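Colleague: If you read the sequences in order, they're chains X, B and V.
Under this note's numbering, think of the first position of the first sequence as 1, with each following residue one higher.
Under this note's numbering, think of the first position of the second sequence as 1, with each following residue one higher.
Under this note's numbering, think of the first position of the third sequence as 1, with each following residue one higher.
Keep in mind that the hints were calculated from the coordinates and are not lab data.
What you are looking at is a predicted structure, and each value in this text was computed from that prediction instead of being measured.
Some hints could be false.
Unchecked claim - Derived pair list, reagent style EDC-like, types lysine to aspartate or glutamate, alpha-carbon separation capped at 16 Å: (1) LYS139(B) <-> ASP221(V); (2) LYS104(X) <-> ASP120(X); (3) LYS104(X) <-> GLU115(X); (4) LYS163(B) <-> ASP109(B); (5) LYS139(B) <-> ASP120(X); (6) LYS139(B) <-> GLU220(V); (7) LYS139(B) <-> GLU216(V).
Claimed, not checked - If you want the ones that stay clear, here's a sample from chain B, every Cβ over 12 Å from chain X, calculated: (8) ARG5; (9) VAL15; (10) LEU19; (11) SER22; (12) CYS93; (13) MET94; (14) ASP135; (15) LYS139; (16) HIS183.
Unchecked claim - Just the calculated beta-carbon pair ranges, DEER-fashion: (17) LEU131(V) <-> SER65(X): 49 to 55 Å; (18) VAL201(V) <-> HIS183(B): 53 to 59 Å; (19) HIS72(V) <-> ALA217(B): 33 to 39 Å; (20) SER13(X) <-> GLU213(B): 43 to 49 Å; (21) ASP43(V) <-> GLY105(B): 50 to 56 Å; (22) GLY126(X) <-> ARG211(B): 40 to 46 Å.
Glycine is no exception: its CB is placed at the ideal position from the N, C-alpha and C atoms.
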Amino acid sequence: MTENQGAWAVEASGLGRRYGRRWALAEVSLSVRRAARLLVTGRNGSGKSTLLRVLATAARADRGSARVAGYDIRAERTEVRRRIALLDHHSFLYEALSARENLKVAAGFLGPGAEARVPDLLGRVGLAGRADDPVSSFSAGMRKRLALARALLQPAEVYLLDEPYGELDPPGFRLLEAALDELTARGATVLLASHLLERGRERCDEAIVLEEGRLAWQGPAAELREPGAAP
Amino acid sequence: MKDDRLPYSLLGLGVALLLWGSYWGLFRAPAEAYMGDVQRIMYVHVPTAWNAMLALTFAFACALLSLLRGQAVWDARLEGALEVGVTLSALLCMQGAIWAKPTWGVWWDWDPRLTTTAVLVFAFGAILALRQFVDDPVKRATWAAVAVIIAYVDVPIVYFSVKWWNSLHQAQSTPETVSRAFHWPLRINAFGMLFLMSGLISLRARLALLRHEDETAPPLPEPALRTAGAARGAR
Amino acid sequence: MSALAAALRKDLLLQWRTRAQVVAVFAFGAAALLLFSFAVGPDAGVLREHAAGFLWLGLLLSSTLTLAESFHAEAEHRALEGLLLLPASARALYYAKALANTLALAALGAGLVPVMVVLYDAATPRVPALLGIILLGSAGLSAPGTLYAAMTSQARARQTLLPLLLFPLVVPVLLAAVKATALLIHGDPMEQLRSWTLLLVCFDVIHWSLCGLLFERVVED
């Protein structure tokens, strides 16, 4: 199997997605180089989540096209999914199952060896002590940690993380950032949607600002300003 | 509008043929020897049956095309065909009841074909209901198409199961085949209904398509953007 | 392990974890059977004659609860979507869920048999055959039921839509299963059981194939 190795992890052109009459995403074009970290920021409802979901093939694109990890999001959806991991607002968790069981369920679809990584991941996100408790007993922060573990379980080239800092406490921030460092060291590309500008600016190379579904600004993360300030 | 001429012509032609065929069947054709005047319902009942099945078959074809091609026009036609098909099927059941009462003394006699039609009214009517509760046009089209395919494939199974279920009790009891003298009014009505139906489906589909275009308007033109280099990639 | 095995393990585990609900659904089914006797009257002969019908009506009504519930866990935090993104084959997810639902409904049906025996004085010596019919009928309810449960878990007015869409489709299952069960209870002098069983098998084969094919279109955005 030949890998579609190119310089770009994500190439999007004119992406659009409609919910009812509202275009949550409209004519978004961007390119993200491999092993880069892109900060996706903007106000609530600006389309950050929609962009990540469309690139992850979780949501369809009504307009435009994109290639993620070298594969087309419409025509080669399964190939894209093999190479991405999405951390979404929805945790993808089963309330009735324990943390360990949730990860094992996901691991069952990821091929041999995935299940062996479960205990280690549980330890890394600080849930080893609660591994066998049902998710229904977890706080919001613990669910986020588990969802993060689930995303890290997947051996992906592109990680799309939607508000990963949300609900995490300061120790949680540290473990998230340690994980991000490891991902980048591995050569993985990270798209991180967050409205924590300070942290995002420090930790990412490039940034885009979305405004009402459109690309309002694009550039190095260091040059990112608070909304309303002059560029 | 030039576009509307064909469907409206079909409607007009259909109504005209139905009036002619019904007049002939109701007033001119000789009464059937055994059943008398009651049998005249057959001039309406048989055309309704043919066209109901035709409408639902067309709906099935539209469903397949909608799933395979994804174009909104097939979903619009599906909507039209479903509404007309369900209406005709409901009419069919009513006609069956009107015929059954004077003939058998009961409104419903569990004839396999009519009973299957009643199930169809519910099955395809439910799909019309489903469409009301799905907001996303793409999902609505996909789900309706899937549901129509499943329901249509189910039709022969329902028919055979009802036929076997009822076979111990009585034989076919709808107005059946008729002698030659009765064919012409039947054919005229059948074509009349066909044209009427085609015109209605066409107009209904057009309405659905217009609604769809309204729902799925493309994004408005871009406002001015501020970029620090428009197409720069990550470094 | 294969995707189907992984999905089946997941679904059986979920069912085991939520087994308290099974008791509740069984209570609902048993209550339905009781209500049917009240509706018809305490004539033992009439009750016995229609026992098969009551059993399957009770199971059909209970199935809407079981089927809807089977996708509640999947929709709550979009777990099903999460699996599809791994990627997991939609077809494997469907067959595993439909299989798990079949087992749940068959267990429910088998559980309602003693209720039927007690309330309607309707028993049969041919227990394996009866269980076989219950299994085939459950499979018939489960195939389109799982697909429509997935669909309606994402739509509005989901509680009304599921039975509305499902019930007309499964008329053949109802007819065949009731007839077959009645033959087992009252005797089968003309050897008709085979035909009704065949009808059930045909329905199952057609719908398990068709719904498995179409499931992906239902759950993908």
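Colleague: Indicate, hint by hint, whether the structure satisfies it.
Modeller: How the hints compare with the structure:
Distance restraint check for LYS139(B) and ASP221(V): the Cα-Cα separation of roughly 7 Å lies within the 16 Å cut-off, and the hinted pair is therefore satisfied. Note on LYS104(X) and ASP120(X): the hinted pairing holds, with a Cα-Cα distance of about 12 Å set against a maximum of 16 Å. Pair hint LYS104(X) plus GLU115(X) holds up; C-alpha atoms about 6 Å apart against a cutoff of 16 Å. Straight-line distance between C-alpha atoms of LYS163(B) and ASP109(B) comes to about 12 Å, which keeps the hinted pair within the 16 Å bound.
With a C-alpha separation of about 40 Å, the suggested pairing of LYS139(B) with ASP120(X) is violated against the 16 Å cut-off. Distance check on the hinted pair: LYS139(B) and GLU220(V) sit about 9 Å apart at the alpha-carbon level, within 16 Å; holds. Proximity of LYS139(B) to GLU216(V) is assessed by CA-CA distance (about 12 Å); at most 16 Å being required, the pair is judged to hold. Here ARG5(B) stays apart from chain X, with its beta-carbon at least about 32 Å from theirs, past the 12 Å limit.
At roughly 38 Å, the least C-beta separation between VAL15(B) and chain X is larger than 12 Å, which holds for a residue marked as non-interface. Taking the minimum C-beta to C-beta distance to chain X, about 44 Å, the non-interface status of LEU19(B) holds against the 12 Å cut. For SER22(B), the non-interface assignment is confirmed: its Cβ lies about 46 Å from the closest Cβ of chain X, beyond the 12 Å cut-off. At roughly 37 Å from the closest C-beta of chain X, the C-beta of CYS93(B) stays outside 12 Å, upholding its exclusion from the interface.
Listed as outside the interface, MET94(B) is consistent with that label: its C-beta sits roughly 38 Å from the nearest C-beta of chain X, beyond the 12 Å cut-off. Distance to chain X contradicts ASP135(B) as a non-interface residue, since its nearest Cβ pair spans about 6 Å, not more than 12 Å. Once the 12 Å rule is applied to beta carbons, LYS139(B) is inconsistent with being away from chain X; the minimum gap is 10 Å. Its beta-carbon lying about 53 Å from the closest one in chain X, HIS183(B) satisfies the requirement of being farther than 12 Å from that chain.
Evaluation of the 49 to 55 Å hint for LEU131(V) and SER65(X) yields a pass: the beta carbon distance comes to about 54 Å. Between VAL201(V) and HIS183(B) the beta carbons are some 42 Å apart, a value that contradicts the proposed interval 53 to 59 Å. Between HIS72(V) and ALA217(B) the Cβ separation comes to about 35 Å, which falls inside the hinted range of 33 to 39 Å. The beta-carbon spacing between SER13(X) and GLU213(B), approximately 24 Å, falls outside the hinted interval of 43 to 49 Å.
Judged by the Cβ atoms, the range 50 to 56 Å given for ASP43(V) and GLY105(B) is violated: they are separated by roughly 26 Å. Checking the proposed 40 to 46 Å range against GLY126(X) and ARG211(B) shows it is violated: the Cβ atoms sit about 52 Å from each other.
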